[in-house]
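Construct the entire structure; sequences and hints are all you get.
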Amino acid sequence: MSAWIERTAAEQAAALASGEVTSVELVQAHLDQIAATNGDLNAFLHVDASGALEQAAASDARRAAGEPLHELDGVPIAIKDVLATEGLPTTAGSKILEGWIPPYDGTVTARIKAAGLPILGKTNMDEFAMGSSNENSAYGAVRNPWNLDRIPGGSGGGSAAAVAAFQAPLAIGSDTGGSIRQPGAMTGTVGVKPTYGSVSRYGVIALANSLDQLGPCTRTVLDAALLQELIGGHDPMDSTSVPNPVEGLVAAAREGAAGDLSGLRVGVVKELQGDAWSADVVERFDESVSVLKDLGADVVEVSLPSFVHAMAAYYLILPAECSSNLAKFDAMRYGLRVTPEGSPSAEDVMRVSRDAGFGDEVKRRIIIGTYALSSGYYDAYYGQAQKIRTLIIDDFKRAFESVDVLVSPTAPSTAWPIGEKADDPLAMYLQDLATIPANLAGVPGISIPSGVSSADGLPTGIQFLAPVLEDARLYRVGAALEAALLDKWGGPIGPSSYTSKEA
Amino acid sequence: MADTLIDFDEVVATYDPALGLEVHVELNTNTKMFCGCPTTFGGEPNTQVCPTCLGLPGAMPVVNAKAVEAAIRIGLALNCDIAEWCRFARKNYFYPDMPKNFQTSQYDEPICFEGYLDVDVEGETFRVEIERAHMEEDTGKSTHIGGATGRIQGADHSLVDYNRAGIPLIEIVTKPILGAGEKAPLVARAYVAQLRDLIVALGVSDARMDQGSIRADVNLSLSPKGSGVLGTRTETKNVNSLRSVERAVRFEMSRHAAVLDAGGSILQETRHFHEADGTTSSGRPKSDAEDYRYFPEPDLVPVAPSREWVEELRGTLPENPTAKRARLQEEWGFSDLEMRDTVGAGALSLVEETVAAGASPQSARKWWLSDLARRANDAGVELAEVGVTPEQVAGVQRLVDAKTINDKLARQVFDGLIAGEGTPEEIVAARGLAVVSDDGALSAAVDKAIETNPDVADKIRDGKVAAAGALIGAVMKEMRGQADAGRVRELILEKLA
Numbered sequence: 001m002s003a004w005i006e007r008t009a010a011e012q013a014a015a016l017a018s019g020e021v022t023s024v025e026l027v028q029a030h031l032d033q034i035a036a037t038n039g040d041l042n043a044f045l046h047v048d049a050s051g052a053l054e055q056a057a058a059s060d061a062r063r064a065a066g067e068p069l070h071e072l073d074g075v076p077i078a079i080k081d082v083l084a085t086e087g088l089p090t091t092a093g094s095k096i097l098e099g100w101i102p103p104y105d106g107t108v109t110a111r112i113k114a115a116g117l118p119i120l121g122k123t124n125m126d127e128f129a130m131g132s133s134n135e136n137s138a139y140g141a142v143r144n145p146w147n148l149d150r151i152p153g154g155s156g157g158g159s160a161a162a163v164a165a166f167q168a169p170l171a172i173g174s175d176t177g178g179s180i181r182q183p184g185a186m187t188g189t190v191g192v193k194p195t196y197g198s199v200s201r202y203g204v205i206a207l208a209n210s211l212d213q214l215g216p217c218t219r220t221v222l223d224a225a226l227l228q229e230l231i232g233g234h235d236p237m238d239s240t241s242v243p244n245p246v247e248g249l250v251a252a253a254r255e256g257a258a259g260d261l262s263g264l265r266v267g268v269v270k271e272l273q274g275d276a277w278s279a280d281v282v283e284r285f286d287e288s289v290s291v292l293k294d295l296g297a298d299v300v301e302v303s304l305p306s307f308v309h310a311m312a313a314y315y316l317i318l319p320a321e322c323s324s325n326l327a328k329f330d331a332m333r334y335g336l337r338v339t340p341e342g343s344p345s346a347e348d349v350m351r352v353s354r355d356a357g358f359g360d361e362v363k364r365r366i367i368i369g370t371y372a373l374s375s376g377y378y379d380a381y382y383g384q385a386q387k388i389r390t391l392i393i394d395d396f397k398r399a400f401e402s403v404d405v406l407v408s409p410t411a412p413s414t415a416w417p418i419g420e421k422a423d424d425p426l427a428m429y430l431q432d433l434a435t436i437p438a439n440l441a442g443v444p445g446i447s448i449p450s451g452v453s454s455a456d457g458l459p460t461g462i463q464f465l466a467p468v469l470e471d472a473r474l475y476r477v478g479a480a481l482e483a484a485l486l487d488k489w490g491g492p493i494g495p496s497s498y499t500s501k502e503a
Numbered sequence: 001m002a003d004t005l006i007d008f009d010e011v012v013a014t015y016d017p018a019l020g021l022e023v024h025v026e027l028n029t030n031t032k033m034f035c036g037c038p039t040t041f042g043g044e045p046n047t048q049v050c051p052t053c054l055g056l057p058g059a060m061p062v063v064n065a066k067a068v069e070a071a072i073r074i075g076l077a078l079n080c081d082i083a084e085w086c087r088f089a090r091k092n093y094f095y096p097d098m099p100k101n102f103q104t105s106q107y108d109e110p111i112c113f114e115g116y117l118d119v120d121v122e123g124e125t126f127r128v129e130i131e132r133a134h135m136e137e138d139t140g141k142s143t144h145i146g147g148a149t150g151r152i153q154g155a156d157h158s159l160v161d162y163n164r165a166g167i168p169l170i171e172i173v174t175k176p177i178l179g180a181g182e183k184a185p186l187v188a189r190a191y192v193a194q195l196r197d198l199i200v201a202l203g204v205s206d207a208r209m210d211q212g213s214i215r216a217d218v219n220l221s222l223s224p225k226g227s228g229v230l231g232t233r234t235e236t237k238n239v240n241s242l243r244s245v246e247r248a249v250r251f252e253m254s255r256h257a258a259v260l261d262a263g264g265s266i267l268q269e270t271r272h273f274h275e276a277d278g279t280t281s282s283g284r285p286k287s288d289a290e291d292y293r294y295f296p297e298p299d300l301v302p303v304a305p306s307r308e309w310v311e312e313l314r315g316t317l318p319e320n321p322t323a324k325r326a327r328l329q330e331e332w333g334f335s336d337l338e339m340r341d342t343v344g345a346g347a348l349s350l351v352e353e354t355v356a357a358g359a360s361p362q363s364a365r366k367w368w369l370s371d372l373a374r375r376a377n378d379a380g381v382e383l384a385e386v387g388v389t390p391e392q393v394a395g396v397q398r399l400v401d402a403k404t405i406n407d408k409l410a411r412q413v414f415d416g417l418i419a420g421e422g423t424p425e426e427i428v429a430a431r432g433l434a435v436v437s438d439d440g441a442l443s444a445a446v447d448k449a450i451e452t453n454p455d456v457a458d459k460i461r462d463g464k465v466a467a468a469g470a471l472i473g474a475v476m477k478e479m480r481g482q483a484d485a486g487r488v489r490e491l492i493l494e495k496l497a
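The listed protein sequences derive, respectively, from chains A and B. Numbering of the first sequence is given in the working numbering, commencing with residue 1 and proceeding in unit increments. Numbering of the second sequence is given in the working numbering, commencing with residue 1 and proceeding in unit increments.
Keep in mind the hints are simulated off the structure, nothing from the lab. Given the structure is predicted, the values throughout are model-derived calculations rather than measurements. Be aware that a few hints might be false.
Not everything, but these chain A residues come out facing chain B in the computed CB check (under 10 Å) [what the hints assert, rightly or not]:
no., residue
1, 92
2, 200
3, 321
4, 327
5, 378
Just a sample of chain A residues kept apart from chain B, beta carbon distances all over 10 Å, derived [claimed, not checked]:
no., residue
6, 60
7, 356
8, 368
9, 496
The beta carbon of each residue, even a glycine, is placed where N, CA and C say it ideally should be.
Here it is in structure tokens:
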């Protein structure tokens, strides 16, 4: 019998239902793992041991009383520090919000609480979700459980590392340009960016409102489906929320796991291949594609020509929106306040506090965004970027006329050494080449492990994309591939130093 | 501050004024523009706030449908086109009373555009063209402590109340108003007055200029007469009464002319209006290049009112003000001059409500345009804010009609009403104001007056009835005003017949 923490969320839920284990025991096991490993990993910024144990005890009491329970009631979860949690610090990885405790719950937080999942704590992230390596956190980099000298991906490196290292079976991430999927690929875990608007953003500290989406970070496709169904659905507090819930995700994952993909049309994206993709990543990708064929899928190559402009458009739209979003951090109402000497004006306090509270990457994007929105430049930059966005949406529509899902490697390489790209923002931005188009178009995407690199022994990821609201397709194909690969590997891949020795 | 001024007549002989008015109307929706917080005025500071209107990290806006409805109704009443599709935009600038450091407003896609309002100025109709009416949220309210002026300069600290942050506003912007000439101050005033009446009739705002629920910014420029070239403008902010609108235009015209006559040029800037002396002073420079980095609000979806809804709302509009004035004039039997004075005094709806409460049109007009207008003027407030309601005016007139009091005593009843002493009846009782209708007491006073004024009495006996006034005056004095002058006259004539 493996340790409880190595069980999937679905397995933990089943064990709770059968009375094999209590929620308090599960939470304690995860808290123990966090205590043992977080010093190395830095995946959690804040651990709420007493709160989680209290919620676990309440869950056990509900179960004992025979109350109707959500399927995941009692299964612990971690939340990226970008989502407001009443009474728990929420910093978005920034010094400017150090010590801020929200007086309210984001909608997803509220849904998690209502379903009875004990919240273990808040996970580390690149400051305001800006980064692909987690090195931009004001509270120190997260380390990859597969190799502590490597980055775990970003911006959701904390959630991905926590799940990979069995600190939590489930975590919430946020994906603006790949911040759930790319860390999934870097840590050998599953990450899903749902259809834009299908999971409420209320309570998410916005990076780029038109791109941000919360989603699940898990170790299996089924767990991701369970979590997305829990957190999704219309929210009147989020005006961009779609009216109807995206349904059938768990059913699709179960159906997919049976392993039959006959009739499924899969398009390999022509523009997400080539020299930018390292050979070991491509090797595992090709292997997965042939598995898909073995499962009955029709695989063809499709071209989405405007993808080549996606990066440029993204790095105008995102900074423009974030330059405005981050204006509220002005030391007037909450957060860090630095008061300069003498008799400073309110503007002086704002300026000095923002200078002290924001990191370099945040300042870089505020400056770019402020410039892009400036009078006289708006049409040339923000306006043009929005046109590219329309072209990308059109490309997706055209592609989905001939295929059901698109597929590419999630990221061009495996996890790189900490520090390697820290001074080269462009090289860092290019890591999101494959993940950004989905955010620009609002379509859903999933990353699942495609294996381990033959070059460095680190995990690689494969990404599927589906049309808007067709998230179920991702779960079907993802679960089918996952099952076939597990079969091939003889069990899940994972960072060996973090698995239990009793297996 | 010694602004040289040019006499107004000289200004209009030399220059053509161009006016532009931006009026902010605070809507009376129950909740704020983008959240569910209440909008009631006067709450304890920072008690009507939530994560959204405080701009807390993660909070999101949701559009108040009632505010959109009000915006559309205002637009329709101003003969505007209603956009089939429009968006909110962020207006980015830093200020401590703006929780997000951007104001959610509308930029190049206003919900209402291309309309007009016909305003009456001394019997002439001016068509004021409306460029746009758009939706936005109000800011918080700063109070600067420790400075001499109450402004931020020199203050040692400031307090911010966010109760007002997020209250829905409709900003109504005119096109440049040209050709008003010497009537420019009156046109500005009449436009704001009629706009306010329209807002009142629509029922979408408290429309209290004194509480800031209607605020006007007055843009003005001068150009050499006949040149047709618009001059540099100034924007006098937050002018908060009809009278001030007129005075601000007049002052700025005289000031601009003085600067231009001296060979100077007008600095494009905002200006503050001073109620006390009717002057303006320099605010902050304002260039057209001021960069608010507008972009569409990504947290909101576009507003796309269906044509069916717009037509449904058109059906809820109150009577067109011009048609309504014509109808009321007919119903009330007012002369053109009486009607013009009534409109000019901002008394139209007050008279209408007073008539509705039972008074005759002439009596309603008499009270509002004489005694009450004088009180409002003395207090420097709008007529509607003088402290007496149309129902109370009708109540006072009822007492006059019943000969319980006379006009002179009625003025004392108004004193009591303004002092909050109760209903007209209660005030008459408490102040002992009822006229003496006891003929015994009156008769004695008349006898005494005849006795002490034998010369006058003789004249009346000789048929010079007009001389009775002197005796009536003596009787009224004796009775300390509490007598029915008509009855006194009758008694005098009876006794001296």
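For which of the previously enumerated hints does the structure constitute a violation, in increasing order of number? Per hint list: zero violations.
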